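**Student:** Turn these sequences into a full structure, and let the hints guide you.
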Amino acid sequence: MTQLPNSLRTGPDERGHFGQFGGRYVAETLMPLILDLERHYRAAQTDPAFKAEFDYLLKHYVGRPSPLWFAERLTEHLGGAKIYLKREDLNHTGAHKINNCIGQILLAKRMGKTKIIAETGAGQHGVATATVAALFGLPCTIFMGAVDVARQQPNVFRMKLLGAEVVAVESGAKTLKDAMNEALRHWVANVHDTFYIIGTVAGPHPYPELVRDFQSVIGEEAKAQILEAEGRLPDMLIAPVGGGSNAIGLFHPFLDDEGVKIVGIEAAGEGLDGKHAASLAGGRPGILHGNKTYLLQDEDGQITEAHSISAGLDYPGIGPEHSWLHEIGRVRYEPVTDAEALASFQKLTKLEGIIPALESAHAIAAAERIAPTLGNDKVIIVNCSGRGDKDIFTVADALGVAL
Amino acid sequence: MTNRFAAAFAKPHAALVAFITGGDGDTAANLDALVAGGADVIELGMPFTDPMADGPAIQAANLRSLAKGTTTADLFAIAAAFRNRHPDTPLVLMGYANPMTIRGADWFAAECAKAGVDGVICVDIPSEEDGELGPALRVAGVDLIRLATPTTDAARLPDVLNGAGGFLYYVSVAGITGLQQAAQTSIDEAVARLKAATDLPIAVGFGVRTPEQAAAIAKVADGVVVGSAFIDIIAQHGDAAAPYVEAFTRTLADAIHGAKEIAA
Ligand SMILES: Cc1ncc(COP(=O)(O)O)c(C=O)c1O
Numbered sequence: 072m073t074q075l076p077n078s079l080r081t082g083p084d085e086r087g088h089f090g091q092f093g094g095r096y097v098a099e100t101l102m103p104l105i106l107d108l109e110r111h112y113r114a115a116q117t118d119p120a121f122k123a124e125f126d127y128l129l130k131h132y133v134g135r136p137s138p139l140w141f142a143e144r145l146t147e148h149l150g151g152a153k154i155y156l157k158r159e160d161l162n163h164t165g166a167h168k169i170n171n172c173i174g175q176i177l178l179a180k181r182m183g184k185t186k187i188i189a190e191t192g193a194g195q196h197g198v199a200t201a202t203v204a205a206l207f208g209l210p211c212t213i214f215m216g217a218v219d220v221a222r223q224q225p226n227v228f229r230m231k232l233l234g235a236e237v238v239a240v241e242s243g244a245k246t247l248k249d250a251m252n253e254a255l256r257h258w259v260a261n262v263h264d265t266f267y268i269i270g271t272v273a274g275p276h277p278y279p280e281l282v283r284d285f286q287s288v289i290g291e292e293a294k295a296q297i298l299e300a301e302g303r304l305p306d307m308l309i310a311p312v313g314g315g316s317n318a319i320g321l322f323h324p325f326l327d328d329e330g331v332k333i334v335g336i337e338a339a340g341e342g343l344d345g346k347h348a349a350s351l352a353g354g355r356p357g358i359l360h361g362n363k364t365y366l367l368q369d370e371d372g373q374i375t376e377a378h379s380i381s382a383g384l385d386y387p388g389i390g391p392e393h394s395w396l397h398e399i400g401r402v403r404y405e406p407v408t409d410a411e412a413l414a415s416f417q418k419l420t421k422l423e424g425i426i427p428a429l430e431s432a433h434a435i436a437a438a439e440r441i442a443p444t445l446g447n448d449k450v451i452i453v454n455c456s457g458r459g460d461k462d463i464f465t466v467a468d469a470l471g472v473a474l
Numbered sequence: 035m036t037n038r039f040a041a042a043f044a045k046p047h048a049a050l051v052a053f054i055t056g057g058d059g060d061t062a063a064n065l066d067a068l069v070a071g072g073a074d075v076i077e078l079g080m081p082f083t084d085p086m087a088d089g090p091a092i093q094a095a096n097l098r099s100l101a102k103g104t105t106t107a108d109l110f111a112i113a114a115a116f117r118n119r120h121p122d123t124p125l126v127l128m129g130y131a132n133p134m135t136i137r138g139a140d141w142f143a144a145e146c147a148k149a150g151v152d153g154v155i156c157v158d159i160p161s162e163e164d165g166e167l168g169p170a171l172r173v174a175g176v177d178l179i180r181l182a183t184p185t186t187d188a189a190r191l192p193d194v195l196n197g198a199g200g201f202l203y204y205v206s207v208a209g210i211t212g213l214q215q216a217a218q219t220s221i222d223e224a225v226a227r228l229k230a231a232t233d234l235p236i237a238v239g240f241g242v243r244t245p246e247q248a249a250a251i252a253k254v255a256d257g258v259v260v261g262s263a264f265i266d267i268i269a270q271h272g273d274a275a276a277p278y279v280e281a282f283t284r285t286l287a288d289a290i291h292g293a294k295e296i297a298a
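Taken in order, these protein sequences are the chains called A and B. The opening position of the first sequence corresponds to residue 72 in the numbering used here, with each subsequent residue numbered one higher. The opening position of the second sequence corresponds to residue 35 in the numbering used here, with each subsequent residue numbered one higher.
Be careful, since some hints might not be right.
What the hints assert, rightly or not - Only pairs whose alpha carbons sit at most 27 angstroms apart, straight line, appear in this in silico BS3-like list of lysine-lysine: (1) K346/A / K102/B; (2) K253/B / K45/B; (3) K245/A / K45/B; (4) K253/B / K229/B; (5) K449/A / K421/A; (6) K332/A / K294/A.
The set of hints was computed from the structure by calculation and includes no laboratory data. Quick caveat, the model's predicted, so the values are computed rather than measured.
**Tutor:** And the structure:
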């Protein structure tokens, strides 16, 4: 990758900051350990053997490259820009999450760590982590809010089948942010032998950077694939943003391509004046989980609960690099509601025979909104970050169907 | 160092540093009970929804306080009233970065000064990120109390000490509050190491629950921090906890104050 002097791709700075965002806001106990993680990551970055093993696993285990699918029927239906779907749903375990897990477990191995922990909300990152832990034969503990354990039983069972221990977190609001708190607490006490695989571009530096780097395979592939299909770069990228890992993975390789408009989709839940998970649209900068970023919070800085029909977007924060891209205006962030996502979930399924994850359906909904406003000479790539099999119970419930 | 800290640590014995969460139970009564029972320094916890470094007891105290609607304004009111009733006892606010900085570090520092707060411990602002809070507090005449841990190595210690005031809080276990306790030999070694690096008084905490543990630590350290054990009493007795808090404080204070003579 060439780094132009005025590139948007050189961040974070050496202290892990993207503008005012990011950083390492952790207890002193953790500080030496994340500095150690950073040293090992720097060494891995320049080690060809690390990259070779990462690439090998992505190709032969995950099934990469994932296709870039021209969604012709959706395009015709919308009557505007051509829509391509980056098919992360076809990865092993059904989402982009595995890309990052492969990278981090290789780091764990390199650091000689023998136990794996992770947080999970919907269970997608938990399943992906349990999967790589099984592959490498390492014991694995997944922290999951008790509320999420109750509503995501199939993924809980999957994790257990994969050999992971699932800890139902009873503290706080018992959802994803509390699972992350609990994973951090466990890590502080067990860091001598334990590696924490964070599931998105959040947490203290260097996590937002390394997760982004591992996910950037999405955008690198998409760039080569669109050049082959269209002979040019796309006019727009669209991806859903929870913590923001699939989105930054797609966006990052295009940040310096000025002609490419970039749109991140936040979950607007019941709407921005009701319960939602749109940290940029409805939050303010603050400090949580080791970094400074936009957060849903009250005037005293107490973190408020997020809501989205999509459990993977149900997080009151957003990765710090997104906060920065938002503030400098390089990426435009738009809200999509539960109802819009639900409609797009069904539409894509009927028109393309692809059942998208509810997270991904948020991006599809945005594409439906935007594509008709653009000419049919324009090209949009939408990140289909995962498949929707995990969501059929939620969708059935929302549609009033008893299974 | 503020005068109140200097006086508290100049006593001929180690200090009992007592922590309770603001807004959990009858905080004013419990604070009075701590002072009456012999606590030398008070740490008042600012409740936060996401107390990442705390164990189950203090987590629950945070949530109980927030569930009652405790605000930052309430916390400063509790602090200011304490200062009126107890002009000499050092008062420390302990909490997390977001509630402390959300209105700006300058605002927070000024409120601390106004309320008569002597020091601030911010769990999740390590020295690397302390470009704003520490400087703002120093301008306001409030000490920033830093944490050192078993993982703070010799290379980092100077950074941790740079800008540190009041006392140095040695977190004796690599973990969260209230659970494990450290082996006394590891505490002895750590305190000796820290004393070689700073003139600040060293207070040791995390996992200290009994008068016996407290006394052993008081033999080597300048202060002993006890938190979760008080929180447990408040959890058990609710708004009527003060007499129990006072009695327990006295057993701790007796053990700590009698443990040895420290040259002032
Ligand atoms: C399919 C899918 N897409 C998106 C997300 C949101 O996470 P991120 O924003 O980190 O990509 C998740 C999280 O679970 C997911 O499972």
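**Student:** Now look at each hint and say whether the structure bears it out.
**Tutor:** Status of the hints after comparison with the structure:
About 22 angstroms separates the Cα atoms of K346/A and K102/B, which keeps this hinted pair within 27 angstroms; it holds. Taken as a hint, the K253/B and K45/B pair is honoured in the structure, with Cα atoms around 14 angstroms apart against an allowance of 27 angstroms. The hinted pair formed by K245/A and K45/B fails the criterion: a straight-line CA distance of about 45 angstroms is larger than 27 angstroms. About 14 angstroms separates the Cα atoms of K253/B and K229/B, which keeps this hinted pair within 27 angstroms; it holds.
Pair hint K449/A plus K421/A holds up; C-alpha atoms about 24 angstroms apart against a cutoff of 27 angstroms. Note on K332/A and K294/A: the hinted pairing holds, with a Cα-Cα distance of about 14 angstroms set against a maximum of 27 angstroms.
Checked against the numbered hints listed earlier, the structure breaks hint 3 alone; every other hint is satisfied.
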